[in-house]
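Got chain A sorted already, so can you dock chains B, C, D, E and F with the ligands onto it with the hints?
Here is how the chains run, residue by residue.
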Amino acid sequence: MQHLSGIALIYKKLLAQGLTCIRGDRVLFRNVGFTLENGSLIYVLGENGSGKSSLLRILSGLLIPESGELFWDGKLIKPGDENYHSDLLYIGHLNGLKDDLTAAENLLMSARLSGYKVTAQTVLNALREIGVGRCSNLPVRVLSQGQKRRVALARLWLTESPLWILDEPFAALDATSVDVLVTRLNQHMVNGGMAIITTHQDVVINAQFTQNLRLDS
Amino acid sequence: MQHLSGIALIYKKLLAQGLTCIRGDRVLFRNVGFTLENGSLIYVLGENGSGKSSLLRILSGLLIPESGELFWDGKLIKPGDENYHSDLLYIGHLNGLKDDLTAAENLLMSARLSGYKVTAQTVLNALREIGVGRCSNLPVRVLSQGQKRRVALARLWLTESPLWILDEPFAALDATSVDVLVTRLNQHMVNGGMAIITTHQDVVINAQFTQNLRLDS
Amino acid sequence: MHWASWAAFFNMGGYAFYVWFSFGITAFCMLWEVLALRKRSAQALRLTQLLAQE
Amino acid sequence: MHINWFKYSSPQTFYPLAGKMIPWFAWLAVVFAIAGLYIGFAIAPTDFQQGEAYRIIFLHVPAAWMSMVIYIVMAGWAALGLVLNARLSAMMAQALAPTGAIFTFIALVTGSLWGKPMWGTWWVWDARLTSELILLFLYLGFIALQSSIDDARRADRAGALLALVGVVNVPIIYFSVKWWNTLHQGSTISMGAAPKMVTTMLTGMLLMALAFWMYTIAVALMRVRCIILERERSAEWVKQLSGADL
Amino acid sequence: MNNAWITVLRRDLLLALRRRSDVATTLFFFLIVSSLFPLGIGPEPAVLSSIAPGVLWVAALLAGMLSLTRLFATDYVDGSLEQMILSPQPLAFLVTAKILAHWIVCGLPVVLLAPVIGLQYALPNDALLVLVLALLLGTPALSLIGAIGAALTLGVRGSGLLIALLVLPLYIPVLIFGAGAVAASQHGMSAQAHLSLLAACSLLSIVLAPMATAAALRISVE
Amino acid sequence: MNNAWITVLRRDLLLALRRRSDVATTLFFFLIVSSLFPLGIGPEPAVLSSIAPGVLWVAALLAGMLSLTRLFATDYVDGSLEQMILSPQPLAFLVTAKILAHWIVCGLPVVLLAPVIGLQYALPNDALLVLVLALLLGTPALSLIGAIGAALTLGVRGSGLLIALLVLPLYIPVLIFGAGAVAASQHGMSAQAHLSLLAACSLLSIVLAPMATAAALRISVE
Ligand code: HEM
Ligand SMILES: Nc1ncnc2c1ncn2[C@@H]1O[C@H](COP(=O)(O)OP(=O)(O)OP(=O)(O)O)[C@@H](O)[C@H]1O
Ligand SMILES: Nc1ncnc2c1ncn2[C@@H]1O[C@H](COP(=O)(O)OP(=O)(O)OP(=O)(O)O)[C@@H](O)[C@H]1O
Ligand SMILES: [Mg+2]
Ligand SMILES: [Mg+2]
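Residue numbers (my numbering), protein chains in the order written: chain A, 1 to 217; chain B, 1 to 217; chain C, 1 to 54; chain D, 1 to 246; chain E, 1 to 222; chain F, 1 to 222.
Do not rely on the hints blindly, as some may be mistaken.
Computed list of lysine-lysine pairs in DSS-like fashion (alpha-carbon distance at most 25 Å, straight line) [stated by the list, open to error]: (1) K78/A to K13/A; (2) K75/A to K13/A; (3) K13/B to K78/B; (4) K39/C to K239/D; (5) K39/C to K20/D.
A few chain E residues that face chain F, going by a derived Cβ cut-off under 8 Å, partial list only [to be verified]: (6) R18; (7) G40; (8) L62.
Derived, one-sided and incomplete: chain B residues facing chain A with beta-carbon distance under 7 Å [said to hold, decoys possible]: (9) E47; (10) Q145; (11) Q147; (12) A172; (13) D174.
Because the hints were derived from the structure by calculation, they are not lab data. Virtual Cβ for every residue (Gly too), placed ideally from N, Cα, C.
Only chain A is shown next, with the shape it has when bound in the complex:
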């Protein structure tokens, strides 16, 4: 767990079967299934409100589907599955940052919470990678929308999780940051990682195998 090199050594796969999601009295999607293996990527596509975020929340275990199962490494994922959580990095619409803490403090705490032993220096490096090194000692409250999002995304440089689930990571980012992020994702794919991503923008990530999951009804 100590070394934060990029190489994901874990070879596992995520299997989803017959996922159905109902919110209120609307069926968002029915019978969604896929297999995700090392080095491959899923784009979840669909218009606003088609259920992309809901699917991502189901995949990360935050939302219990109406029916269907998820398997990680061949084992059924149960709610609060610590084994799965330690292999997972989820960044949703919400940044998960505390307004009153500085960017560096936020990042340090969230890495520690995920079980990584990080130092102030590694944290600063991660913030620098995505171009908000200068803001590391500012409370998150005063940062701009894009800077906040970047601080949240800086976790991608601190994690060793093979599976990344990212909900619209590119929203509110400027062009430079989008490029930086794409590079990081490419690197993750090369290292044998897996990713599930939603976005409304056109970005190209190089993966060994790319699937499109369309949710429009």
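This is chains B, C, D, E and F with the ligands only, laid out in the frame that chain A set:
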């Protein structure tokens, strides 16, 4: 004030002089000035944290600049200037929607707050224009990120203000909604409206006169 | 049967208010509950039928 | 005999079944109530200490019993719903809560109306009275929580959790309140003042309690049917129901 | 009345009363808070009636504090506060609508329920009357003063401490005069003086608080 | 101790330190509530000291309530709650760190302040000691039980009062045993039994509350 046709009958102009903004101990920009007239548009450009949102907040009167003046219709704009506010529509990063009210209720209230006498039908039409008519009776809490943004933007179909200040209106929207919004902006420009916009995406709006305001230091 | 007359029965040995108010409010609560429920189910059914017609 | 419980635990099959059961329980409630009231008013003698006011007992005690029993039954359904993820159980819990609250309210009001002539005051801070009041708060908390969550499934699970937490606490609350009142100076008149119960009185009370039981079941079934209708609005079988199924 | 003002009032009432159960929640909140004291202190009616004024005023204060901070905070977080500031109406004027809504939801129920709880606490009849009157005169001041505090603490960090220390002491006179009025009438004295002072508090805060609140709100969104 | 657990504890304490106004509000509320009653009742030491245990306990209870609403609400709004749920640690375990932080910030100050106020109420020395002991044993249970309510009311519609409706009835045993302990020692009896019961309440809630809270949190983010 009653008719909600698209034609802005008011011919006024916005003049900014020597605006300087300092946050914390960083100078975000210095000596920014421009003139905005009927039918013309300003893109505010710059990377994350360069001060675009801050500039827009200054222009709308929410933030007091370090130095510099703003004139509307030849008169100096003071904090809490009701005359200016009635000619202005500002939509920032935040949607300004109450989670517990339905989309329709939210829109109705915000139009009334701006002094328009609208009916349930006009509100529903506005929501339909931007494609969230189906959600009109759902509490905003259950809507998806893009749907929430669209409800906030539906105000563009209810307003008669000549000056629109929009902070990243396209973020989180799907491709269809972006097109709808661009059409509405084009129409506003043709009607002699004015707009100040920030965005990180590439969208083309047809205005009689377009300025780019770049904030990178 | 130990009541001398109907009047005595209604008088309840001077405790008429307390006794009859108790029974009255109990009856009222129960009747109100049942009626409210009938109204609620009629409403629910009407709504579902409206939905079905659409 | 083998009964397929899973079949009856689906709202679709339960809805008509409940509809058939309601009249039976309703009539039983009426019959028991008439019998209980007859014994209570016509046969039971006047109390030598309290006069006729004691006849409130035929409502007060059964209502107090029901208020406590319903809470436990409700928590049981809630637990079942949480463990088995069974929708119908959660609905049953939700359907029982208002009836339980109403019986608690009746026990409080009738007790109050009894207290005024007997003790000379509408309310004393006595252990039993206080714990009944707290029970009312527990019911209301459950109802308020459920009604302020829109998503039905979430409301079920949150409510179930609260009911379980409450049921763990009810005995603790009951004994703590009891102890509180015995340690401080007790109220001058205690409820033990009622004389030893005569058999006729006991019979009357039991009959009224039975009537309340039947009433509770009938009303809970009615409410469950409403809840099923409201929740499964978009299901095909609900759309095919007509006014005759009311 | 003004259209925008009514809109703000209606919106806040709608939000508070989204369902009928929420109103009941407010009412039962007072019942619960006021039944806590006998459980702590014991059931003797004489003691209870002597603490009744204090209990009711504390319940009013608590209801205010539990809800008022949240009212502005949600507006701040979701951006409706910005929109209110940018509306073509004086902010101090709109703020009064918000405060009125808060008082209707949290102040009025205390006033209405107070006599019932007073009965449980064995208060005599004329003290009950004074109690209702005092609450009617005093609770608006609580809402108004609370609004300043709520506005000042929005998004502020270190200075928040100072502000809490500034605003909360302003509550104390209201509580003292309010509880004093009832106590006076319990002891057979006239409550007139206390009530006039309460009214003065409310009047003063109605003049000053909306402006102060509006100014604080403007600062908070900067 | 566990790394993630300490992180959560440190984060919450740091946040409280940065937002000192919240802490001040809690303490100030406690002060106001407990100094209100002498004003209404008059200065007779005998009466004051007889109501002291009840008043102090109720004040402690209500002060805790005031801060409970914020226990998980900000985490819920900014998404840190999701991240906590997804961390590779049992949620019920992490929750104990949050509750401990809440107790340190809101329970401990009350415990420390109580003897000072007890002096104002003319409590004898040994009763003061028992008061502090009782608060020390009982306030953890308040935080623990309150956490369940805070988790259940996350993101629900309606006023901040709902949490009070859920939690206050569950607080009653703690209140009774806590006030009872002090009253017993005032009457020259042993407070031992009450204190043991208080400890039992805290122990029981330390076993059950974190699990219930974790379950409620999982439900609320759905
Ligand atoms: C607001 C006032 C009152 C409340 C909330 C109340 C509550 C209760 C409760 C909860 C019970 C059931 C206890 C059990 O079965 O263990 C009960 C039983 C009873 N109550 Fe009350 N009560 C009130 C007033 C009175 C009064 C004024 C009287 C008579 C003077 C009275 C006489 C009785 C009797 C005789 C029983 C049956 C005792 C037994 O079955 O052991 N109650 N009451
Ligand atoms: N209680 C409810 N009643 C009705 N519809 C609901 C309810 N809860 C959620 N929904 C619907 O579920 C959908 C949630 O969508 P989700 O957030 O997954 O969309 P998304 O694909 O991520 O959209 P976006 O691109 O805007 O982020 C929305 O359409 C919303 O209206
Ligand atoms: N108190 C402060 N101390 C230091 N810097 C501050 C302070 N307050 C604000 N800032 C800085 O001011 C800038 C605010 O930027 P603003 O929100 O205007 O950016 P933006 O151009 O809209 O960015 P984005 O594209 O991300 O929305 C940020 O860079 C932020 O770090
Ligand atoms: Mg989404
Ligand atoms: Mg910006």
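A quick look at each hint next to the structure:
At roughly 16 Å between alpha-carbon atoms, K78/A and K13/A fall within 25 Å of each other, so this suggested pair holds. For a cut-off of 25 Å, the pair hint linking K75/A to K13/A stands: about 10 Å separates their Cα positions. Of the pairs offered as hints, the one joining K13/B and K78/B holds, with about 16 Å between alpha carbons and a cut-off of 25 Å not exceeded. In summary, the hint linking K39/C to K239/D is supported, as the alpha carbons are separated by about 19 Å, within the 25 Å threshold.
Distance restraint check for K39/C and K20/D: the Cα-Cα separation of roughly 19 Å lies within the 25 Å cut-off, and the hinted pair is therefore satisfied. Restraint check, R18/E versus chain F: the minimum CB separation of about 5 Å is within 8 Å; hint holds. Residue-level restraint check for G40/E holds (minimum Cβ-Cβ distance to chain F is 3 Å; threshold 8 Å). Taken as an interface hint, L62/E checks out: its beta carbon lies about 6 Å from the nearest beta carbon of chain F, inside 8 Å.
At a threshold of 7 Å, the smallest CB-CB gap from E47/B to chain A is about 4 Å, leaving the interface hint in force. Residue-level restraint check for Q145/B holds (minimum Cβ-Cβ distance to chain A is 5 Å; threshold 7 Å). The interface hint given for Q147/B is met, as the beta carbon of that residue sits about 5 Å from the closest beta carbon of chain A, less than 7 Å. For A172/B, the shortest C-beta to C-beta distance to chain A is roughly 5 Å, which falls under 7 Å, so the interface hint holds.
A hinted interface residue such as D174/B counts as satisfied when its beta carbon comes closer than 7 Å to some beta carbon of chain A; here the least separation is about 4 Å, so the hint holds.
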